[in-house]
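> Residues per chain, in single letters:
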Amino acid sequence: MDHLQSTQLDLAGLLEESEHASGALLLFVGTVRENNDGRPVTGMSYTAHESMAERLLADIESETCARFDICSCRILHRLGALALGDASVVIAVRSAHRAAAFEASRYAIEELKKRAPIWKQEHYSDGDSAYLEGTPLKPS
Amino acid sequence: MDHLQSTQLDLAGLLEESEHASGALLLFVGTVRENNDGRPVTGMSYTAHESMAERLLADIESETCARFDICSCRILHRLGALALGDASVVIAVRSAHRAAAFEASRYAIEELKKRAPIWKQEHYSDGDSAYLEGTPLKPS
Amino acid sequence: MQVHLRCYGALNPIFGGDRVAWQFSGASVQELLADLAQRQPGFASWQNRVACALGDHIVHGDYALTAGDEIALLPPVGGG
Amino acid sequence: MQVHLRCYGALNPIFGGDRVAWQFSGASVQELLADLAQRQPGFASWQNRVACALGDHIVHGDYALTAGDEIALLPPVGGG
Numbered sequence: 239m240d241h242l243q244s245t246q247l248d249l250a251g252l253l254e255e256s257e258h259a260s261g262a263l264l265l266f267v268g269t270v271r272e273n274n275d276g277r278p279v280t281g282m283s284y285t286a287h288e289s290m291a292e293r294l295l296a297d298i299e300s301e302t303c304a305r306f307d308i309c310s311c312r313i314l315h316r317l318g319a320l321a322l323g324d325a326s327v328v329i330a331v332r333s334a335h336r337a338a339a340f341e342a343s344r345y346a347i348e349e350l351k352k353r354a355p356i357w358k359q360e361h362y363s364d365g366d367s368a369y370l371e372g373t374p375l376k377p378s
Numbered sequence: 239m240d241h242l243q244s245t246q247l248d249l250a251g252l253l254e255e256s257e258h259a260s261g262a263l264l265l266f267v268g269t270v271r272e273n274n275d276g277r278p279v280t281g282m283s284y285t286a287h288e289s290m291a292e293r294l295l296a297d298i299e300s301e302t303c304a305r306f307d308i309c310s311c312r313i314l315h316r317l318g319a320l321a322l323g324d325a326s327v328v329i330a331v332r333s334a335h336r337a338a339a340f341e342a343s344r345y346a347i348e349e350l351k352k353r354a355p356i357w358k359q360e361h362y363s364d365g366d367s368a369y370l371e372g373t374p375l376k377p378s
Numbered sequence: 256m257q258v259h260l261r262c263y264g265a266l267n268p269i270f271g272g273d274r275v276a277w278q279f280s281g282a283s284v285q286e287l288l289a290d291l292a293q294r295q296p297g298f299a300s301w302q303n304r305v306a307c308a309l310g311d312h313i314v315h316g317d318y319a320l321t322a323g324d325e326i327a328l329l330p331p332v333g334g335g
Numbered sequence: 256m257q258v259h260l261r262c263y264g265a266l267n268p269i270f271g272g273d274r275v276a277w278q279f280s281g282a283s284v285q286e287l288l289a290d291l292a293q294r295q296p297g298f299a300s301w302q303n304r305v306a307c308a309l310g311d312h313i314v315h316g317d318y319a320l321t322a323g324d325e326i327a328l329l330p331p332v333g334g335g
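Protein chains in written order, with our numbering: chain Y, 239 to 378; chain C, 239 to 378; chain D, 256 to 335; chain Z, 256 to 335.
The hints are simulated quantities; they were obtained by calculation from the structure and are not laboratory data.
Every residue gets a Cβ at the ideal spot worked out from N, C-alpha and C, and that includes glycine.
Misleading hints may appear alongside valid ones.
Straight-line distance between alpha carbons at most 20 angstroms, and here's what the computed EDC-like set of lysine to aspartate or glutamate pairs gives [to be verified]:
1) Y:K376 with Y:E341
2) C:K351 with D:D311
3) C:K376 with D:E286
4) Y:K352 with Y:E299
5) Y:K351 with Z:D311
6) C:K352 with D:E286
7) C:K351 with C:E341
8) C:K376 with D:E325
9) C:K376 with D:D311
10) C:K376 with C:D297
To be clear about the criterion: a stretch of chain Y counts as covered by chain Z if any three or more of its residues have a C-beta under 8 angstroms from a C-beta of chain Z, and this derived list gives those stretches [claimed, not checked]:
11) 286-297
12) 348-362
Bound-form chain Y, shown alone (with noise of 0.2 angstroms):
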C-alpha cells in the first residue's frame, strides 16, 4: 500500500476505514506550522528517497503492530510543496485499549522523524529558505 502521496492526505477517508469497533483510535496529524522558532513560515517542501522512504513506512507499521498491542498502524506521508496548515503526515492507530494507542502512535512518529528518508525546506516570507536539521542515518 502506498505510504508517500504528493496530494492533500484524506484525512477522514483514513477515519472512515475498516475496523471501527476496535474501542480506540488515536489519529496523529502534522501539519505545517506558521513560524519556526519566531520565523514567519509561508509553506514547506518535502522531498524522499522514494522507494526506500516506502519500505520504511512499511516496516515502521509493522514494527509498531508488534510492540504494541494494537489492531492497525498506518502511516501516510506527504511529498510536495506544501501550505500553512496541510497535513504532512499522518498516523492511525486502532486498539482495544487506549494506553497501547498512545505509546504506538507516540514510537511510530519518533521512529519515523529518526529513520525515514524524507527531508524538509521550510519557505519563509523573505522569499529566503532552509533544510532543516536532521538526525544522521546509519546501515541496519
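Position chains C, D and Z against the provided structure of chain Y, taking the given hints into account.
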C-alpha cells in the same frame, strides 16, 4: 459550546475546525468495542447527568489547556444508543509540538473517565445488559 | 421530610425509574443514604459508592437537606 | 572509476542538481566521501553525517563500489 451530543459525532467536521497551522493535531476517538472480556457486545447506551457533565467536560478542556503547552483542546461525548463502531468520545488537541499533544490528550481522556458523570450500559447478544463498573465521584 | 431523587446509571433499575419521591426522617445527605440502604432493596451495596449532587454540585455527607430538594444519586462513573 | 550520485535534501543545492556523475580514484564508499569532501565545494561539513545507499539499502563505509553504481547521498533526515 456543547460537549454532549445525541447524534453521530462529526469527526471530519472536528478535523476541519480552525487553527490548522499549529503543527500537531492528536485526535483520540473511543468507539464501541465488539467484545468486552470475550463477551460479544451488540451495542452500548450512554447516559449522563447532562448539566454537570457539560460543566465537567468544559472544565477538563480548560484544565488541559492550562497544564500543557497546547493551542486547543476540544471534547465531544455522545449520549444515547450507540451501535458497534460508533464513536462515543472524541478529544481533539492541537499544539505546536507533539509531545505536549500526546500528554494533553491522555490527560483529558483519563480525567473524563474518572470525573464526568457519564454511565455506560453494555448490551449483549443474549439480550442481557450490564452497567459497567466505574470510579466513585467525590465532592470537589 | 420528602425529597426528590434522580437516579442515574445502574441506580435507575434499582429504583425502577429515574425520578422517585422519598420520605425519610433525617436531615443530612448521609442520613438519606443510610435510610435508602435500609429501606430500598438493592441499594445497600451502593451506599458508600454513591455521590449526591444538588444542582450541578456534589455535596458532602453532612450537607443539610431541605424538604423538596432534588438530589441526584450518582453511581461510580465511567464514560468515554 | 565513475559513479552516479543522487543528491537528496540539502545536498541537492550543494551539487547543483539531483543527479551528478563523479569520477574518482578509489574503491570504497568512505573513499568516495573523502574525495567529495576534498573536491566538491560545500561538502566537507557533510562528510561524516551523510549515509550512502545502493538501491534501497544503506551501506557501510567499507562497501566496495563498482564503476557505474548509482549511490544515493542521504543527509540527516527529519520528515513528519
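> Which numbered hints does this structure break?
1 and 6
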